[in-house]
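Protein chains in written order, with numbering that gives the first Met the number 0: chain F, 0 to 252; chain G, 0 to 222.
Derived by calculation from the structure, the hints in this document are not laboratory data. Accuracy of the hints is not assured; some may be wrong.
[What the hints assert, rightly or not] Which chain F residues face chain G? A few, computed with CB under 10 Å, are given here:
1) K9
2) K108
3) P109
4) N174
5) S176
6) G194
7) V202
8) T220
[Claimed, not checked] Pairs of lysine-lysine residues, derived as DSS-like cross-links and limited to a Cα-Cα distance of at most 30 Å, are as follows:
9) F:K173 with G:K106
10) G:K13 with F:K108
11) G:K106 with F:K93
12) G:K106 with F:K83
13) G:K56 with F:K108
14) G:K13 with G:K147
15) F:K108 with F:K83
16) G:K195 with F:K95
17) G:K195 with F:K155
18) G:K189 with F:K83
19) F:K155 with G:K189
20) G:K189 with F:K108
21) F:K150 with G:K189
22) F:K83 with F:K155
23) F:K155 with G:K13
24) F:K9 with F:K108
25) F:K173 with G:K5
26) F:K150 with G:K195
27) F:K9 with G:K106
28) F:K83 with G:K195
29) F:K173 with G:K13
30) F:K26 with F:K93
31) G:K189 with F:K173
32) G:K131 with G:K147
33) F:K9 with F:K83
34) F:K173 with G:K195
35) G:K56 with G:K189
36) G:K106 with G:K56
37) G:K13 with F:K129
38) G:K106 with G:K195
39) G:K5 with F:K129
Predicted, not measured: the structure shown is a model, and the values here were computed from it. The beta-carbon is built from N, C-alpha and C at its ideal position, and this holds for glycine as well.
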Amino acid sequence: MSPTMSLTLKVWRQANPTSAGEFRTYKVHSISPDQSFLEMLDVLNEQLIINGEEPVAFDHDCREGICGMCSLMINGQAHGPERKTTTCQLHMRKFKDGDTIVIEPWRAKPFPVLRDLVVDRSAFDRIMTKGGYVTVNTGNAPDGNAILIPKENADKAFEAATCIGCGACVAACKNASAMLFVSAKVSQLALLPQGQPERTQRVQGMVAQMDSEGFGGCTNTNECEAACPVGISVENIARLNREYIRATVVGLT
Amino acid sequence: MSWVIKAFSSSIGKKLVMAITGLALCGFLAAHLGGNLLLYVGAEQYNHYAEALHSQKLLLPIAEVGLLLLFVMHLVTAVRTTLENRAARPIGYEMRQSKLPPGPFLKPASSVMYGTGIVVLLFLLLHLSDFKFELRNPAVESETPFAKAQILLRDPLTAIVYIIGSFALGYHVLHGVQSAFQTLGFNHPKYNSGVKTLSTLFALVVALGFSSFPLWAWAFHSK
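For reference, chain G alone in the conformation it holds in the complex:
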């Protein structure tokens, strides 16, 4: 199997690792958002979903380990390639101007992937410590999943941080999705505009979808 290791250690191989793990993590985002949207259906339905998920004593740990592996591979490859890319230009330019047509944002998503990635990592760590490990508010352990989401998200500071995290995630996947298609060799004049639209829609759904939960808890479930 040395040819597999060789293939994935080249510059193109590392891009493939980023693309495959990134797309798989996007699949998780879609599933996670879908589950969370049950918050809007009702407390009973959301609690039922959460309990059904956590009663999977075999599948849940496997999925969690899988996700952790995907995430670690994505992160380690990102750090490695970023360091290598910086080393490829030891002396920088005095002056730098892009020849690309100006986009709608101050900096294109593709040029801030490392920055948005760090914000997403910090957001993820906070989110896990809040909901999985209940470090900031251990009192929520005895609450139902629905009440737990309300209590944790209605804190104004938490809400603001979660909204920032969600938008950073959206900006990250805006470039990530279309870049993954290009890296996997999927570039065809017939489908390119479709891939771009899919990428933009997915980014919007992720950013608006996830940031809607703290707004909802904040607006409708404050004490």
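The following block holds chain F by itself, in its conformation from the complex:
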């Protein structure tokens, strides 16, 4: 068995959305390098409960890297130091015995802190309601491959569709911009025939909602692409811009 680690954790604690919040320092011991980052936080919480303290609140659900619930700014990096990895899939072997780890919530005006490390990401849901869907006929399911789609488009749409909506792009962007998220959602549907009926209103509606939520603008620094746990490309942001220009030219409003 590999030797265990002792770590110092500097964790953001905030009781509710309106309280001030502060960093608190905790020590954890006997951490296995094979544990995930969230399992390490589970150990911390067990320890806090035994001591009669409030456990640290953090978001998580599937712990398989596909649901997009986990977040955390770990030592100043969204989802921690490893590329293309969510926090739940990050292993403690990426850290060394005796390390100090700073753990913060996503920071953006449209992502208010609810408690400790949990932020409210429903701004993304409101953006989705403005166009992140397609209309379909009810009735029998259509035949598979009844609509022909070029392989390249299908691949690009699939790549865009892998966005799990975790918000790491917003967290890592110096402007707290949501362009990578919105561009993935717009691209996914703009590339497919099924997305054409709403194509123009989709990009206009989603961009307008993104702006009214208070996200920043894109300055093409590409931090989002580097931070994205599923590797969404900034090529999608260029496509979002093209879709926006097209909608401005051909749209009725």
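Using the hints, position chain G against chain F.
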């Protein structure tokens, strides 16, 4: 036309304003550098070019107003978006680390656009007050354009400031050009490396080209 205003007031619209005005100003830089390079061809050719340019009584004021408009739009949009971008994160991080591979410079050009932009603005104001309004050295008014360039640029302090300004401008357009292409939706695996090369070459030509003039005046035309 309310749809035009609406389109250009969104976050993407403001980026488009930055990209279009920025690229247009880059066009001016290229023309300005091309004209200035006549300094190396000879005094006669440079003086002839300057006189031909200033004899355009109709076109020159139109071009100047156009440039001023482009510049003001670029600047106002830059200030607006910077303020909005800062407001999007009212509480900052305790710790911050980039996941991008480290570049050749201490800070990537994209993260210091506001800073290099301010340096370029100050440089531009100094440059206009020197050459257009002749505020620092009114005596140059009676000189030929060629002699005027020599006299103004051979002052060591001016030379150093102009060289710093030129390099800030180069670093600004290094990100600016490739960013403008991305903003205008021009991103394609076949052309991306070409756009990057074009951006780097243009930045080098601007930085080295414009900083060569004070060096030339300083080295070969000192009193």
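Ascending list of hint numbers which this structure does not respect: Of the numbered hints, 6, 13, 14, 16, 20, 35, 36 do not hold.
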